[in-house]
Amino acid sequence: MDSIIEVHNLTKVFDPDIRAVADISFNVERGEVFGFLGPNGAGKSTTIKILTTLLRKTGGTAKIDGIDVARDPGAIREIIGYASQDVGVDDDLTGRENLKLQCRFYHVPNGEVESRVDKILKTMDLTEAADRKAGTYSGGMKKRLDLAAALIHEPKLLFLDEPTTGLDPQNRRAVWDYIKSLNQSGMTIFLTTQYMEEADVLADRLCIIDQGRIVAEGTPASLKAEIGADVVQVSLKEDGEPAIRQKAKAAVMGIEGVKEVRDYDETIAVFAQGGSSIVPQLVRALDSAGVTITRLTLAGPSLDDVFLKHTGRKMRTEEAKQPARLPGRSRSRRGR
Amino acid sequence: MLEDSLFAETYAIFGRWMRKTLRQPMFLFFSLVQPIVWFILFTQSFSQISKIPGFAALTGTNSYLTYFSAAVLIQTVISSAMQSGLGLVQDMDSGYLDKMRVAPIRRFSILTGKVMSDGVRIFIQSLIIMILGLALGVTVITGVGGFVLILLIAAAFGVVWSGISMFIALATRNSEATLMISLLTTFPLLFLSTAVMPKPFLPDWVQTVATYNPMSYIADAFHTLIIHGVDWVVLGQAALIIGAIGVVTLAGTTAMFRRAVFR
Numbered sequence: 050m051d052s053i054i055e056v057h058n059l060t061k062v063f064d065p066d067i068r069a070v071a072d073i074s075f076n077v078e079r080g081e082v083f084g085f086l087g088p089n090g091a092g093k094s095t096t097i098k099i100l101t102t103l104l105r106k107t108g109g110t111a112k113i114d115g116i117d118v119a120r121d122p123g124a125i126r127e128i129i130g131y132a133s134q135d136v137g138v139d140d141d142l143t144g145r146e147n148l149k150l151q152c153r154f155y156h157v158p159n160g161e162v163e164s165r166v167d168k169i170l171k172t173m174d175l176t177e178a179a180d181r182k183a184g185t186y187s188g189g190m191k192k193r194l195d196l197a198a199a200l201i202h203e204p205k206l207l208f209l210d211e212p213t214t215g216l217d218p219q220n221r222r223a224v225w226d227y228i229k230s231l232n233q234s235g236m237t238i239f240l241t242t243q244y245m246e247e248a249d250v251l252a253d254r255l256c257i258i259d260q261g262r263i264v265a266e267g268t269p270a271s272l273k274a275e276i277g278a279d280v281v282q283v284s285l286k287e288d289g290e291p292a293i294r295q296k297a298k299a300a301v302m303g304i305e306g307v308k309e310v311r312d313y314d315e316t317i318a319v320f321a322q323g324g325s326s327i328v329p330q331l332v333r334a335l336d337s338a339g340v341t342i343t344r345l346t347l348a349g350p351s352l353d354d355v356f357l358k359h360t361g362r363k364m365r366t367e368e369a370k371q372p373a374r375l376p377g378r379s380r381s382r383r384g385r
Numbered sequence: 705m706l707e708d709s710l711f712a713e714t715y716a717i718f719g720r721w722m723r724k725t726l727r728q729p730m731f732l733f734f735s736l737v738q739p740i741v742w743f744i745l746f747t748q749s750f751s752q753i754s755k756i757p758g759f760a761a762l763t764g765t766n767s768y769l770t771y772f773s774a775a776v777l778i779q780t781v782i783s784s785a786m787q788s789g790l791g792l793v794q795d796m797d798s799g800y801l802d803k804m805r806v807a808p809i810r811r812f813s814i815l816t817g818k819v820m821s822d823g824v825r826i827f828i829q830s831l832i833i834m835i836l837g838l839a840l841g842v843t844v845i846t847g848v849g850g851f852v853l854i855l856l857i858a859a860a861f862g863v864v865w866s867g868i869s870m871f872i873a874l875a876t877r878n879s880e881a882t883l884m885i886s887l888l889t890t891f892p893l894l895f896l897s898t899a900v901m902p903k904p905f906l907p908d909w910v911q912t913v914a915t916y917n918p919m920s921y922i923a924d925a926f927h928t929l930i931i932h933g934v935d936w937v938v939l940g941q942a943a944l945i946i947g948a949i950g951v952v953t954l955a956g957t958t959a960m961f962r963r964a965v966f967r
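Residue numbers (the working numbering), protein chains in the order written: chain S, 50 to 385; chain A, 705 to 967.
Same shape as in the complex, but just chain S (with noise of 0.2 Å):
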C-alpha cells in the first residue's frame, strides 16, 4: 500500500454555484498507470487542476507523494510534470529553445542543459526539427514537444490531460507506445481522457467520471466483468421497423442467458452470459419468429458498456457517434 496521489473527499465548485468537482475520493499505487475517463464537463481538468497546483480545491484533501496541495504547492511542482489539454509551446522559439527555457523552470543545473535537451529531442524524435520554430510544427510534433517539456526534470508522477485529444490515429498511437514505455520505466501516469480505447489500452486502473462524480472504479477487466455479459449485435433485414424489432426482441428475450435486449441505433444489441454459445440459439429464435438477419456481431463487454451502465447514457465522444456501432469492438480486432 504505497499511494503516491491520495484524494479524499476533493470538491471544486465554480462561482456562482457550479459543482465541477463534487466529493469525490481515490488513490493513484506508485508506478501505475490511472486513468480518468469521462465525457467534455466531467470534471476530469478541473481534478488534474487542483492536483497539478493550479487550481485550488473548495473541500476535501489532496495529497501528492504525501505532501498537501494546499499546504506545500512548491514542493509538489518540483516531482511532478504536466501536459495540458491545450499545448502549452511558445510557438516563437524554437524547439530547443522551448526545452532549454523549461530546463530553466525547472532550475535544472547550467552544465546539464544541453545534454538533458538534446537526449528527449531525440527521444521524441525531434532532433531535426530542434532548430525550427514550433509555430512550423504538425499537431503531433507539437504534443511531443509538449511532452518533452513535461518530462525535462524527470518527474516521477506525469499528468497528462487528454494526451491524444484530436490526433490523428498515427500520432495516437505513438503517444500510448511512448506513455507505455515511460510507465515501464517507473513513472507513475496520471491521464485523463475521453476514449474508451485509450483507457483501456493504457490503464492499470480507472475512475470514471461523469458530472462531477466517480461513478465506478477498478481495473478496465474488472469493470467489464461486473456487465457479465458479452454483447450480440444483430442486424435485421427490414432494417428496424419496429414492429420486426418488437418480435425480434420479443424472441429473443426467451432465451436463457439473455440478459438485456436494447435497441442500439438501427440493431438490436442482445446482453448475454456466454456470448459465443448463445449465438446459435439466437438466431434459430429469430428464424422461428420470421426475422431475417443480415448481419451479426459479437464482442465482449466495453467500457462504452460499463460507462452506459453507470450513468445511463452513452458517452459522446468522435468514437461513439460513428453510426451503427457495435457498444463494443468486435473480438478479432481487440487488442488484448
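No wet-lab data here; the hints were simulated from the structure.
Quick caveat: nothing in here was measured; it's all calculated off a predicted structure.
Do not rely on the hints blindly, as some may be mistaken.
Claimed, not checked - With a cut-off of at most 20 Å between alpha-carbon atoms, the simulated PhoX-like pairs for lysine-lysine come out as follows:
(1) S:191 with A:724
(2) S:308 with S:358
(3) S:149 with S:168
(4) A:724 with S:182
Starting from the known structure of chain S, fit chain A onto it as the hints suggest.
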C-alpha cells in the same frame, strides 16, 4: 549564478520575451508607423506654428519639429506600452501561463521578467524614433548624455504606463479589449498636455487639464533636455510622476496578476 535565484528566473523569462520580440521585427516596427507619419507629416503641416508670436520665447526654439519631437516620443512610448498586455493574453489563451505556473519558479518572476523585457523594447523603439528625429533635424542641446537620459526616461515611463495595458489584459483576457481600452484611455491625454503646444497657447480648460496631466511633466522633461539643458527641478518632477504612476499601475497589475496566477 544559482539556477533557482530570483535573478536567474527573471532572466529566463526576460530572455524568452526578448527573443519573441526581436523575432518579429514587423511587430516592433508596427507601433512605430504612426509616430513616424506624425513626425514627417505633422511637422510639415504645422511648421508655421513656430512663427506664432511668442512661440520661440515660450519654448526656447523656433522649430516646431524640435518642440513636437517630445510629443512623438511620448506617443511612441504609449503605443509601445499598450502592446505589453497582448503577450499576457496570448499566454493565457495558449496555456503557456499554466506551463509556467506548474513549474517551481516564483510567480513573481513571471511578471518581473515580462516588465523588464517591455522596458528594453520601449527603449529600442524610442531609440529608433529619436534617431529619426535627429535625421529630420532635431538637435539635442544636452548632447549624448542628455540623449541617453531621454531614452531612459522614456523607457521608465513606458514601463509604468505598460501596467495599464497589463492590468486590462489580465482583467479582460482579450486582445482587442486590451488595445481598445488602452488606446481610448491614454491617447487623449497626449493632446491635453504640453507635449504638442506650449501651455499659454492652449485654451483655458485644456490648460487646467494639462496642469494635472502627468504627460505634461514627461513632455517638459523631454523639452528641457532637448531645448534648454539639464534642469533638475523639471527632471525631478518627472521622476516623481513616474514613481507615482508606477506605484498605482504596478500595484494594480500585481493584484490582477495574483488573481490570474493563484486560482
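Structure-based check of all given hints:
A C-alpha spacing of about 18 Å is found between residue 191 (chain S) and residue 724 (chain A), which places the hinted pair at or below 20 Å, so the restraint holds. At roughly 13 Å between alpha-carbon atoms, residue 308 (chain S) and residue 358 (chain S) fall within 20 Å of each other, so this suggested pair holds. Distance check on the hinted pair: residue 149 (chain S) and residue 168 (chain S) sit about 12 Å apart at the alpha-carbon level, within 20 Å; holds. Annotation: proposed proximity of residue 724 (chain A) to residue 182 (chain S) holds, straight-line Cα distance about 11 Å (limit 20 Å).
Checked against the numbered hints given earlier, this structure breaks none of them.
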